[in-house]
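Going line by line, the protein sequences match chains A and B. Take the first sequence: its position 49, counted from the start at 1, is 49 in our numbering, and no numbers get skipped. To get our numbering, take the position in the second sequence, counting from 1, and add 113.
Since the hints were derived computationally from the structure, they do not count as laboratory data. Each hint should be verified, as a subset may be incorrect.
[Unchecked claim] Below, computed lysine-lysine pairings styled on DSBU-like, alpha-carbon distance capped at 35 Å:
no., chain 1, residue 1, chain 2, residue 2
1, A, K13, B, K155
2, A, K13, B, K150
3, B, K150, B, K135
[What the hints assert, rightly or not] Here are the computed distance ranges between Cβ atoms for each label pair:
no., chain 1, residue 1, chain 2, residue 2, range
4, A, G3, B, S131, 30 to 40 Å
5, B, K181, A, T111, 40 to 50 Å
6, A, R63, B, S139, 27 to 37 Å
7, B, S125, A, Q18, 34 to 44 Å
8, A, N71, B, S165, 27 to 37 Å
9, A, E101, B, D130, 20 to 30 Å
10, B, Q158, A, F69, 23 to 33 Å
11, B, A183, A, E101, 19 to 29 Å
12, B, T123, A, T111, 20 to 30 Å
13, B, Q173, A, E82, 42 to 52 Å
14, A, E101, B, N116, 15 to 25 Å
15, A, T96, B, E152, 21 to 31 Å
16, B, S165, A, E82, 36 to 46 Å
17, A, T100, B, K171, 16 to 26 Å
The beta carbon of each residue, even a glycine, is placed where N, CA and C say it ideally should be.
Chain residues, written in single-letter form:
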Amino acid sequence: ETGVTQSPTHLIKTRGQQVTLRCSSQSGHNTVSWYQQALGQGPQFIFQYYREEENGRGNFPPRFSGLQFPNYSSELNVNALELDDSALYLCASSLTGIDTEAFFGQGTRLTVV
Amino acid sequence: GENVEQHPSTLSVQEGDSAVIKCTYSDSASNYFPWYKQELGKGPQLIIDIRSNVGEKKDQRIAVTLNKTAKHFSLHITETQPEDSAVYFCAAIFTGTASKLTFGTGTRLQVTL
Numbered sequence: 001e002t003g004v005t006q007s008p009t010h011l012i013k014t015r016g017q018q019v020t021l022r023c024s025s026q027s028g029h030n031t032v033s034w035y036q037q038a039l040g041q042g043p044q045f046i047f048q049y050y051r052e053e054e055n056g057r058g059n060f061p062p063r064f065s066g067l068q069f070p071n072y073s074s075e076l077n078v079n080a081l082e083l084d085d086s087a088l089y090l091c092a093s094s095l096t097g098i099d100t101e102a103f104f105g106q107g108t109r110l111t112v113v
Numbered sequence: 114g115e116n117v118e119q120h121p122s123t124l125s126v127q128e129g130d131s132a133v134i135k136c137t138y139s140d141s142a143s144n145y146f147p148w149y150k151q152e153l154g155k156g157p158q159l160i161i162d163i164r165s166n167v168g169e170k171k172d173q174r175i176a177v178t179l180n181k182t183a184k185h186f187s188l189h190i191t192e193t194q195p196e197d198s199a200v201y202f203c204a205a206i207f208t209g210t211a212s213k214l215t216f217g218t219g220t221r222l223q224v225t226l
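All chains, please: the whole structure from these sequences, using the hints.
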């Protein structure tokens, strides 16, 4: 067990709706990264938060947004859901965020219908 | 741009044999290379990593080698067991991208009895 927990584990949403996914980082970790993993592919970086500030963003549109809270937990918000947003969303926590081990949660499986 | 190529995409070995998975990366300044194991329905699990100041690292039955000149690194699993069956991902952190992990496309390892 990595100590990184995500909720919910599964979610079904309708196209056009909004969704919020949550992540609790491992104790002592101050950096949270979010990844999208489509079926049969490797995880793709969405963005990273370090001490409540966005610290890097991948090639995802603005309707993907996030937050990090003072306790270093984090949220991923996706607006105007599209069918292609169906994927496993992974949260990874690490310490300091620079070239250190990243530990993943079990993911949230989002299905958009 | 940032790129990690991984081969093979599938690998089948008999129990007790060795398995080797290879990755190449594009940024010669990359200095951190982790390997993750992902079982069905779970998040990626960090199994071993290597930094650019070493050429080889071993942890029981698994080892990773790094050739910075050729920009490739490999995962070696010896004495494979059925529980080694999973999808394995290599990854790299590219310079100037904080701790964003760029993943390979994955190798599905099947260990048969």
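These are the hints, each one checked on the structure:
| no. | hint | in the structure |
| --- | --- | --- |
| 1 | A:K13 to B:K155 | holds (21 Å) |
| 2 | A:K13 to B:K150 | holds (29 Å) |
| 3 | B:K150 to B:K135 | holds (14 Å) |
| 4 | A:G3 to B:S131: 30 to 40 Å | holds (32 Å) |
| 5 | B:K181 to A:T111: 40 to 50 Å | holds (42 Å) |
| 6 | A:R63 to B:S139: 27 to 37 Å | holds (29 Å) |
| 7 | B:S125 to A:Q18: 34 to 44 Å | holds (43 Å) |
| 8 | A:N71 to B:S165: 27 to 37 Å | holds (33 Å) |
| 9 | A:E101 to B:D130: 20 to 30 Å | holds (29 Å) |
| 10 | B:Q158 to A:F69: 23 to 33 Å | holds (26 Å) |
| 11 | B:A183 to A:E101: 19 to 29 Å | holds (25 Å) |
| 12 | B:T123 to A:T111: 20 to 30 Å | holds (26 Å) |
| 13 | B:Q173 to A:E82: 42 to 52 Å | holds (44 Å) |
| 14 | A:E101 to B:N116: 15 to 25 Å | holds (22 Å) |
| 15 | A:T96 to B:E152: 21 to 31 Å | holds (28 Å) |
| 16 | B:S165 to A:E82: 36 to 46 Å | holds (39 Å) |
| 17 | A:T100 to B:K171: 16 to 26 Å | holds (21 Å) |
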